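Trainee: Next come the chains, spelled out residue by residue.
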Amino acid sequence: GEDVEQSLFLSVREGDSSVINCTYTDSSSTYLYWYKQEPGAGLQLLTYIFSNMDMKQDQRLTVLLNKKDKHLSLRIADTQTGDSAIYFCAERLSGNTPLVFGKGTRLSVIA
Amino acid sequence: GAGVSQSPSNKVTEKGKDVELRCDPISGHTALYWYRQSLGQGLEFLIYFQGNSAPDKSGLPSDRFSAERTGGSVSTLTIQRTQQEDSAVYLCASSAWTGGTEAFFGQGTRLTVV
Numbered sequence: 001g002e003d004v005e006q007s008l009f010l011s012v013r014e015g016d017s018s019v020i021n022c023t024y025t026d027s028s029s030t031y032l033y034w035y036k037q038e039p040g041a042g043l044q045l046l047t048y049i050f051s052n053m054d055m056k057q058d059q060r061l062t063v064l065l066n067k068k069d070k071h072l073s074l075r076i077a078d079t080q081t082g083d084s085a086i087y088f089c090a091e092r093l094s095g096n097t098p099l100v101f102g103k104g105t106r107l108s109v110i111a
Numbered sequence: 001g002a003g004v005s006q007s008p009s010n011k012v013t014e015k016g017k018d019v020e021l022r023c024d025p026i027s028g029h030t031a032l033y034w035y036r037q038s039l040g041q042g043l044e045f046l047i048y049f050q051g052n053s054a055p056d057k058s059g060l061p062s063d064r065f066s067a068e069r070t071g072g073s074v075s076t077l078t079i080q081r082t083q084q085e086d087s088a089v090y091l092c093a094s095s096a097w098t099g100g101t102e103a104f105f106g107q108g109t110r111l112t113v114v
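If you read the protein sequences in the order shown, they are chains A and B.
When we follow the numbering used here, the leftmost residue of the first sequence carries the number 1, and every step to the right adds one.
When we follow the numbering used here, the leftmost residue of the second sequence carries the number 1, and every step to the right adds one.
Quick caveat, the hints were computed from the structure, so don't treat them as lab data.
Keep in mind it's a predicted model, so treat the numbers as computed, not measured.
Warning: the hint list may mix true and false statements.
[What the hints assert, rightly or not] Below, in silico cross-link-like pairs of lysine-lysine (DSS-like), each with a Cα-Cα straight-line distance of 25 Å or less: (1) A/Lys103 to A/Lys36; (2) A/Lys103 to B/Lys11; (3) A/Lys70 to A/Lys36; (4) A/Lys67 to A/Lys36; (5) A/Lys103 to B/Lys57; (6) B/Lys11 to B/Lys57.
[Said to hold, decoys possible] Counterexamples of contact, computed for chain A against chain B with all Cβ distances above 12 Å: (7) Glu5; (8) Gln44; (9) Lys67; (10) His71; (11) Ser73; (12) Gln80; (13) Asp83; (14) Gly104.
A virtual CB, placed ideally from N, CA and C, is assigned to each residue, including glycine.
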C-alpha cells in the first residue's frame with residue numbers, strides 16, 4: 001500500500017540549511033513532489049523529481065532521491081524566516097493515480 | 001481562470017445539515033482532485049476525476065460524501081447530514097494531464113460543523 005512519512009517538526013536558525021526528510025513505501029512511485037503550505041494558504045508546488053533522477057537543484061532548493069531506501073529529502077540553503085511553513089512530501093505512482101501526501105513537516109525558522 | 005477557485009472560503013453549518021462545496025479548476029485541466037486536511041493531519045485523498053473516465057471514489061470516507069463534475073469543468077463536493085468530524089479544510093486541485101506535471105491547489109474551503 002501507499003504510505004508517505006515525514007517528521008512533524010523542524011526548527012532551524014536563520015541562515016542555516018534545513019533538511020526535511022520523507023520516506024515512502026511504494027517502490028513503483030514514478031514522481032515525487034515537495035509542496036509548501038503557508039499559514040491560511042493553499043499548497044504551492046516547490047519542486048518535483050522523476051524517479052529516474054537522483055538529484056535536482058533549483059536555486060536554494062536541493063532534492064535528493066534514494067530509490068533503494070525509498071528516501072526523499074529537501075534541503076533549503078540559507079533558510080530565511082519566510083521559509084517558515086509546512087512542507088509536504090507527495091508521491092504519484094503513475095499517470096492515472098492521485099498524489100499521496102505525507103502529514104507535513106512544520107519548519108520554524110528562528111531569527 | 002488564472003487559478004483554481006473554491007467557494008465558499010469558509011462555511012459554518014449545523015450538525016445534520018447538508019453542504020455543497022464548489023471547485024472551479026484551471027481552464028482546460030482534465031484532472032481534478034478533492035482532498036481533506038484536518039487539523040494537524042496531512043492531506044487525505046477523497047476523489048479524483050480524469051476527463052470522461054469514471055471517477056476514483058476510493059477515498060470518500062462514507063456514503064454521506066459525493067462529488068460531481070459537470071461538463072468536465074466545475075466540481076461540487078456534497079456532504080450530507082454533516083457531523084462534527086467532517087470539520088476540516090477541503091482542498092481542490094487540478095492538473096493539465098495525469099502525468100508528472102504539477103497539481104495546482106485552490107485556497108480551500110474551511111468547513112466547521114457546530
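Trainee: Now tell me, hint by hint, if it's right for this structure.
Mentor: Outcome of the hint check:
A C-alpha spacing of about 12 Å is found between A/Lys103 and A/Lys36, which places the hinted pair at or below 25 Å, so the restraint holds. For the suggested pair A/Lys103 and B/Lys11, the alpha carbons sit about 24 Å apart, so the restraint of at most 25 Å is met. Distance check on the hinted pair: A/Lys70 and A/Lys36 sit about 21 Å apart at the alpha-carbon level, within 25 Å; holds. Proximity of A/Lys67 to A/Lys36 is assessed by CA-CA distance (about 23 Å); at most 25 Å being required, the pair is judged to hold.
Annotation: proposed proximity of A/Lys103 to B/Lys57 holds, straight-line Cα distance about 21 Å (limit 25 Å). In summary, the hint linking B/Lys11 to B/Lys57 is supported, as the alpha carbons are separated by about 23 Å, within the 25 Å threshold. A cut-off of 12 Å between C-beta atoms contradicts the statement that A/Glu5 is not in contact with chain B; the least separation is 10 Å. The claim that A/Gln44 is not at the interface with chain B is violated, since a C-beta of that chain comes within 12 Å of its own (minimum 8 Å).
Every CB of chain B is more than 12 Å from the CB of A/Lys67 (nearest about 16 Å), matching its label as outside the interface. With a minimum CB-CB distance of about 18 Å to chain B, A/His71 clears the 12 Å threshold, and the non-interface call stands. Against the 12 Å criterion, A/Ser73 stays outside the reach of chain B, whose nearest CB is about 18 Å from its own CB. No beta-carbon of chain B comes within 12 Å of the beta-carbon of A/Gln80; the shortest separation is about 23 Å.
For A/Asp83, the requirement that its beta carbon stay farther than 12 Å from each beta carbon of chain B is met, with the minimum near 19 Å. At roughly 6 Å, the least C-beta separation between A/Gly104 and chain B is not larger than 12 Å, which violates its mark as non-interface.
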